[in-house]
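2 protein chains.
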Amino acid sequence: MPHKLDARQADFERAFADFLDVRRAEEADVDRTVQGILADVRARGDAALLDYTAKLDRYETTAAGLKVTHEELEGAVAQCDPDTVEALQLARQRIAAFHEHQKPADLDYTDADGVRMGHRWTPIDAVGLYVPGGTAAYPSSVLMNAVPAKVAGVERVVMVVPAPDGVLNPLVLAAARIAGIDEVYRIGGAQAVAALAYGTETIAPVDKITGPGNAYVASAKKQVFGTVGIDMIAGPSEVLIVADKDNDPAIVAADLLAQSEHDVNAQSILITDDADFGEAVERAVQTHLQRLPRSEIAGESWRRHGAVIQVGQIEEAGRLIDRVAPEHLELQVADPDALLRTFRHAGAIFMGGHAPEVLGDYVAGPNHVLPTGRSARFSSGLSVLDFMKRSSLLQSSPAGFAKIGPAAVALAHAEGLDAHALSVKLRLNEG
Amino acid sequence: MPHKLDARQADFERAFADFLDVRRAEEADVDRTVQGILADVRARGDAALLDYTAKLDRYETTAAGLKVTHEELEGAVAQCDPDTVEALQLARQRIAAFHEHQKPADLDYTDADGVRMGHRWTPIDAVGLYVPGGTAAYPSSVLMNAVPAKVAGVERVVMVVPAPDGVLNPLVLAAARIAGIDEVYRIGGAQAVAALAYGTETIAPVDKITGPGNAYVASAKKQVFGTVGIDMIAGPSEVLIVADKDNDPAIVAADLLAQSEHDVNAQSILITDDADFGEAVERAVQTHLQRLPRSEIAGESWRRHGAVIQVGQIEEAGRLIDRVAPEHLELQVADPDALLRTFRHAGAIFMGGHAPEVLGDYVAGPNHVLPTGRSARFSSGLSVLDFMKRSSLLQSSPAGFAKIGPAAVALAHAEGLDAHALSVKLRLNEG
Chain A
298 MPHKLDARQA DFERAFADFL DVRRAEEADV DRTVQGILAD VRARGDAALL DYTAKLDRYE
358 TTAAGLKVTH EELEGAVAQC DPDTVEALQL ARQRIAAFHE HQKPADLDYT DADGVRMGHR
418 WTPIDAVGLY VPGGTAAYPS SVLMNAVPAK VAGVERVVMV VPAPDGVLNP LVLAAARIAG
478 IDEVYRIGGA QAVAALAYGT ETIAPVDKIT GPGNAYVASA KKQVFGTVGI DMIAGPSEVL
538 IVADKDNDPA IVAADLLAQS EHDVNAQSIL ITDDADFGEA VERAVQTHLQ RLPRSEIAGE
598 SWRRHGAVIQ VGQIEEAGRL IDRVAPEHLE LQVADPDALL RTFRHAGAIF MGGHAPEVLG
658 DYVAGPNHVL PTGRSARFSS GLSVLDFMKR SSLLQSSPAG FAKIGPAAVA LAHAEGLDAH
718 ALSVKLRLNE G
Chain B
298 MPHKLDARQA DFERAFADFL DVRRAEEADV DRTVQGILAD VRARGDAALL DYTAKLDRYE
358 TTAAGLKVTH EELEGAVAQC DPDTVEALQL ARQRIAAFHE HQKPADLDYT DADGVRMGHR
418 WTPIDAVGLY VPGGTAAYPS SVLMNAVPAK VAGVERVVMV VPAPDGVLNP LVLAAARIAG
478 IDEVYRIGGA QAVAALAYGT ETIAPVDKIT GPGNAYVASA KKQVFGTVGI DMIAGPSEVL
538 IVADKDNDPA IVAADLLAQS EHDVNAQSIL ITDDADFGEA VERAVQTHLQ RLPRSEIAGE
598 SWRRHGAVIQ VGQIEEAGRL IDRVAPEHLE LQVADPDALL RTFRHAGAIF MGGHAPEVLG
658 DYVAGPNHVL PTGRSARFSS GLSVLDFMKR SSLLQSSPAG FAKIGPAAVA LAHAEGLDAH
718 ALSVKLRLNE G
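The listed protein sequences correspond, in order, to chains A and B.
Heads up, the first sequence is in our numbering, so the first residue is 298 and it goes up one at a time.
Heads up, the second sequence is in our numbering, so the first residue is 298 and it goes up one at a time.
Since the hints were made in silico from the structure, they are not lab data.
Don't take each hint at face value.
All copies of an identical chain are treated as equivalent in the list; a pair is satisfied when it fits inside any one copy or across any two copies.
Unchecked claim - Straight-line alpha carbon distances no greater than 25 Å define the calculated DMTMM-like cross-link-like pairs of lysine to aspartate or glutamate that follow:
#1 700 x 422
#2 700 x 634
#3 519 x 337
#4 700 x 378
#5 700 x 380
#6 400 x 452
#7 400 x 410
#8 519 x 318
#9 519 x 328
#10 700 x 545
#11 352 x 405
#12 700 x 632
#13 700 x 383
#14 542 x 634
#15 400 x 315
#16 352 x 612
#17 519 x 326
All values reported here derive from a predicted model rather than from experimental measurement.
Construct the complete structure from the given sequences, taking the supplied hints into account.
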């Protein structure tokens, strides 16, 4: 049974707070292990990388064999179902079109005092994209990470993907090819993160690493942060659906299960103003579970972490949304724009009956790499900005300098930094 | 003696690479200690906070005594030199004016297929600003962190600042007051970061923590990342000055020392095309050092980490700038705009003879919180964007959904996620 909460009950606040407090993923104590792997790859380069790949992925290869060839990438596309390739191409094109809108503008202006200020944005030189192997190998995730980097103008986009027992997922390679990535290595885990951050004889280091991974990859990313940039550390995925009774319970149930089927730690929450509708959705969940291939995972996620929350009026949902700060938010209500004005925290907002999360997961255009575990309170989904950086600009006329320079001298003296003061005073001919 | 490098020599590449590789700050093994403090404050709240404050800051107080009163903030302004207060007010106004230009625009458009996409930016609810105590207590740093948060629209800006032996720097409190901060606690170290991240009985938790600190604060920020957002982990500061011979050596020397005087691990580098000018700057450094109060720190920094790099032509500097990716870059050359086009990596760029770094440190407007230690390759200075987050929006017409939905179904099946496929198929009446 999923959690049942009723916002009209006296004990709701406490029950809701308890529900939010439950940690969905156990954090294994992997930091120590990862620390050793990072140091080893940093010290021994390719030799260490090959050792860990043999041991952890059960794949013996040579330094030259680490790189996936152009022919293998081309071959992967040929090997995939043409409909899937076409869908990946449509997705790539739509993701690129949306992300083009995110390209930031430079700034360059001179104020009334004669001080020129601004900033310019430039792409990061080299980015490494981590792609998980095995069951979590998603071609859509390749596109969602690689396309914004390409739109940003990143010159070198490198992909790493583990090949357990030597096997790679052709869909993932096809997505890389479609995204325009031509540097792919068959490595994974903390050792791949180390290779990207520090470089080896075979793999030149990158400036930033993005992409999802298991606890070892997450720990490695956290530990190399500073040497390179990283994107967010993603936790289990979640959806919050606000639906009134005018929806089809079977459809809302499918949307809940689309989240639950990812992982037993995934979370699906329904907020509704209609008890009968909520029960109908729960029944539809059970019906769907009887025929879904991943029903074991989805069912366990729904029982352990799912919830149906009843509110008196649909408008009350906004307050709860901000408390959850969901990664994905579906507003399946008559006037989603009105509800939009009542909350602030959500990674991605899906409005109305024809924009299920799944549309955004694959083909709509906005990014599906989003802040999880309430981090939408302070962070955003992946964007073109994550693949660029900004340099500020400053220039001044002599008159502008004469006007504001003395205040800099005053503050330098106040902070006890006399060389700072001197730098300005000499220019004011007061040295 | 600072390092001497000559780009015209055969061994330059190796020498330059070695120079860049030197780590300027020793990383103490503080993570374990910090882990204990974080866990203790999380578990025991105020009681732990008071214990650590008594032990580490030698300051015994009560939970009620942690908060700096409104009267204390007002009193601090009254206690400061009026010229300094006026300079802080000018700085606040100019920093706010510049950062207003950084406020991002929302996006909302519908494409030819009838798919509505966009994003909206909202401020983070609550931000904690860490301010170091003691000698590194800089009022300018308070403004540079607080003003962008205020411009972003953050409702609750909290400041923490340690009071070693119970003493607070009135300039720091005055800057807080001028920046409009009214919630200030006299706590510091990892215990303050823990209080901000997890909350205590007295201090409500925040969503993001920014601001500089020592190794313990840096480790604490890194460890709470995920529970809250953090800004970058700042290392020792650095400046790279590109100057031709038409500059006054005494002025360039002062600019170099303005960086060196921060910290023995700070770094100042001069690139010039004129050997005589380089030597004149070195002599001027020695002359300045004889009269500067912080000459011991500045001299040690200059000897250990300073460098004079000679290039054949000033245009060759661009390539070296990108290798250093300096936090601060001064272009004291005839045509700084031309040089600007030859490189990409720098935190802040100061152009021409009337825009020394110091002007930007205090009053010009752009932020002085900038990426250090080559991280300008992948990150940017503090901005309004660091205090906001973006939610993506998606909506679709039935026709748009019918057009792109089938591609989502194809990809869902390819990834083996049947509930994903079902969510779309039911809406296509294919369930």
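Evaluation of the provided hints:
1. Neither within a single protomer nor between protomers do residue 700 and residue 422 lie at most 25 Å apart by alpha-carbon distance, with minima of 39 Å and 37 Å respectively.
2. Taking the closest pair of Cα atoms, residue 700 and residue 634 come within 25 Å of each other only across two copies (23 Å); inside a single copy the shortest separation is 48 Å, beyond that limit.
3. In this assembly of identical chains, residue 519 and residue 337 lie within 25 Å of each other by CA distance both inside one copy and across copies; the values are 17 Å within and 22 Å between.
4. Taking CA atoms no more than 25 Å apart as the test, residue 700 paired with residue 378 passes between copies only; the shortest distance there is 20 Å, against 68 Å inside one copy.
5. When the C-alpha separation of residue 700 and residue 380 is checked against a cutoff of 25 Å, the pair qualifies only between copies, where the shortest distance is 14 Å, while the shortest distance within a copy is 66 Å.
6. In this assembly of identical chains, the alpha carbons of residue 400 and residue 452 lie at most 25 Å apart only when taken from the same copy (16 Å versus 28 Å across copies).
7. Within a single copy, residue 400 and residue 410 get their C-alpha atoms only as close as 30 Å, which misses the 25 Å cut-off; across copies the closest is 22 Å, which meets it.
8. Both within a single protomer and between protomers do residue 519 and residue 318 lie at most 25 Å apart by alpha-carbon distance, with minima of 23 Å and 21 Å respectively.
9. Proximity of residue 519 to residue 328 under the C-alpha cut-off of 25 Å is found in both arrangements, the shortest distances being 9 Å within a copy and 13 Å between copies.
10. Taking CA atoms no more than 25 Å apart as the test, residue 700 paired with residue 545 passes between copies only; the shortest distance there is 21 Å, against 67 Å inside one copy.
11. When the C-alpha separation of residue 352 and residue 405 is checked against a cutoff of 25 Å, the pair qualifies neither within a copy, at 54 Å, nor between copies, at 50 Å.
12. In the homo-oligomer, the alpha carbons of residue 700 and residue 632 lie at most 25 Å apart only across protomers (23 Å), although the nearest pairing inside one protomer, at 54 Å, exceeds that limit.
13. Proximity of residue 700 to residue 383 under the C-alpha cut-off of 25 Å is restricted to the inter-copy arrangement: shortest distance 13 Å between copies versus 62 Å within a copy.
14. In this assembly of identical chains, residue 542 and residue 634 lie within 25 Å of each other by CA distance solely inside one copy; the values are 18 Å within and 62 Å between copies.
15. For a Cα distance limit of 25 Å, the shortest separation of residue 400 from residue 315 qualifies neither inside one copy, at 41 Å, nor across copies, at 36 Å.
16. Taking the shortest alpha-carbon separations for residue 352 and residue 612, neither the intra-copy value of 55 Å nor the inter-copy value of 50 Å comes in at or below 25 Å.
17. For the identical chains of this complex, residue 519 and residue 326 are neighbours both inside a copy (14 Å) and across copies (16 Å), given an alpha-carbon limit of 25 Å.
Consistency note: the structure conflicts with the earlier hints numbered 1, 11, 15, 16.
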